[in-house]
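Engineer: Chains as they are written, first to last, in the working numbering: chain A, 1 to 128; chain B, 1001 to 1128; chain C, 2001 to 2128; chain D, 3001 to 3128; chain E, 4001 to 4128; chain F, 5001 to 5128.
Simulated from the structure, these hints should not be mistaken for laboratory data. All C-beta atoms, glycine included, are put in the ideal place defined by N, C-alpha and C.
Capping the alpha-carbon separation at 35 Å, the derived lysine-lysine pairs in DSBU-like fashion look like this:
1. F:5059 <-> D:3059
2. E:4079 <-> E:4059
3. E:4079 <-> C:2079
Calculated from the model, a selection of chain F residues having no Cβ within reach of chain C, i.e. all distances over 10 Å:
4. 5012
5. 5031
6. 5038
7. 5079
8. 5088
9. 5093
10. 5121
11. 5123
Number of protein chains: 6
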Amino acid sequence: MADTDRTARAEALLDEIFTPAWRQHGVAWPTATGLDFARICTEHCYADAWARRGSLDLKTRSLVTLTALAAIGSAEELKLHVRGALSLGHAPDDVAELFIHLIPYLGVPRMVAAMRCAAEVLREHARR
Amino acid sequence: MADTDRTARAEALLDEIFTPAWRQHGVAWPTATGLDFARICTEHCYADAWARRGSLDLKTRSLVTLTALAAIGSAEELKLHVRGALSLGHAPDDVAELFIHLIPYLGVPRMVAAMRCAAEVLREHARR
Amino acid sequence: MADTDRTARAEALLDEIFTPAWRQHGVAWPTATGLDFARICTEHCYADAWARRGSLDLKTRSLVTLTALAAIGSAEELKLHVRGALSLGHAPDDVAELFIHLIPYLGVPRMVAAMRCAAEVLREHARR
Amino acid sequence: MADTDRTARAEALLDEIFTPAWRQHGVAWPTATGLDFARICTEHCYADAWARRGSLDLKTRSLVTLTALAAIGSAEELKLHVRGALSLGHAPDDVAELFIHLIPYLGVPRMVAAMRCAAEVLREHARR
Amino acid sequence: MADTDRTARAEALLDEIFTPAWRQHGVAWPTATGLDFARICTEHCYADAWARRGSLDLKTRSLVTLTALAAIGSAEELKLHVRGALSLGHAPDDVAELFIHLIPYLGVPRMVAAMRCAAEVLREHARR
Amino acid sequence: MADTDRTARAEALLDEIFTPAWRQHGVAWPTATGLDFARICTEHCYADAWARRGSLDLKTRSLVTLTALAAIGSAEELKLHVRGALSLGHAPDDVAELFIHLIPYLGVPRMVAAMRCAAEVLREHARR
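Please construct the entire structure, taking both the sequences and the accompanying hints into account.
Structural biologist: Here you go:
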């Protein structure tokens, strides 16, 4: 499969998880090397991981991605994937239930910070 | 609900996830304070988290627990919960598929270490 | 002991460490699940840990809590517990002395970030 | 060598890496203990590490410092050292190339966050 | 103060915390650069941190050091400092009480791993 | 470029960094999914990162890789890449010098653990 296929496969997944709204985002550093950086990040996540589907459906992949992001304290990416979780069909309280499960594993301070991020997106979503 | 209920609720879950085999494990430091340590760890994980079930079934809780443990590099607990995942009905390749999903989020070295731990348990299981 | 006792025990400690001012804080995500999240966080920290007192008095528990929060880079929780440390009777320079001790263990960048957070609270406190 | 030599050695390096502009920065908590904190941080980094030069020149030390800061998610220090990297003669795309190299080792979310910080400094630099 | 004073100051503290038994340990990589590595590690911890004493006595410094080491999952250093805690006058259960306090902050898996390390030293100590 | 090119590009780099000796290593979990796991890890590191060369030569990539691995406490991967560093032409003391540089950034306990791993490989190498 050609590299253009990798990119296409990644973009199809991004459309499915985040709706085509993601296409409006710019790139942090838009030189050739900066564009390579953005492309490799996208392909690693979406062509090499999410696009496999198989024994893990997209809703389950959403929960384990939220877990990984809460564990490493990645605030901006966590908000993005809470949006993805809702758009893939999770209820807001699924995210809260996941975060309760993670308290003993990742500790209270990390989960309080994660909930603060998530709640920002959940409240926005509730208002709509 | 009384504290004895918390303990009972935690132990019922441990039986369900790990089979009653877990009851043969000793305690690292068996003074009154050391026993409190062990009891609080068990109650936090099993009475306060796993026992809630609700919108997350045990098989899903197993995958997000494996994710959290891979993220913090907790080798012994990871092996324990790979055993739990198999006993809850996951196929060995579900664990491998989960770990592929996590490569871009947690990085190659952390996932190679997690796979090395998990494969030890998976090979043992395959031999039976 | 009943669950209502756990909550009462946690709240008594919160009053003692932070003064009843903490009661004015809202909850990040106020559904039933979101309230469970907040209650479990509070009980784990204050009913299961701080309320034990015993061989570690509250002022010592304050210092080890600050250490744990600096180690995991938990900015908001660190500010909260610097306030707690002052209200429990620590001098502002006790925090600075603690942070000097931690430089070789946690590294300069983590401690510079922790000091930046703490100094915000310490300067506020000095102005009063 | 006397302690005043340690301070002088550290300050000479700071001048070389960041230009004397760093001398305008204040100290987070300016009591005697707070000043000790700042001095020890500076001496550990610049008198004990950077000033050794030897088999690692300053440009290489810059790249490994950026790597360490990206790994621990130290946003403010990362911006500071991207400025240092440019002032020591690295091209902006050297930073982007370094960050591409680190994606598989530190994971996409950590590197996206690092690139967001770095790009802020790189765009500022490009505008001049 | 001359560098030889830094070394002497660090070694006096090492004698006090660990008894002169530490002097029998070898160095991991005994070239000139490897010896510099060992010396700088020792001076940062013992001349720059522990030797300050001041508002934090050695027994308190012991508890916050154990906390930092549990937080970063540093098994070998944790065992060393559990030995130090006992030799400075802490009871074995002080360590267990500290670890109970840290469960909600650092999470169950990290503290179970820390207790496993500590219990090895505590059991050895109990046997004497 | 086709996927077979990605694999070939990764393997050429592995030959160059580690000599073809790496080809004797088995795979942790040799099902189709387990082989995918291994292939993706290899391609992310060697086809997407190391093979770019460009403004960062292989010897520099070796140092920043060692830094990332020391930062995340990845013992087995660290030993592998110390072997790679020596085979790419670094002197043993280059590794020790790098580790001295990282003490203030990553903290003493992490670097003592990294040096313990590295020294195992360096002593083996010195014996030959």
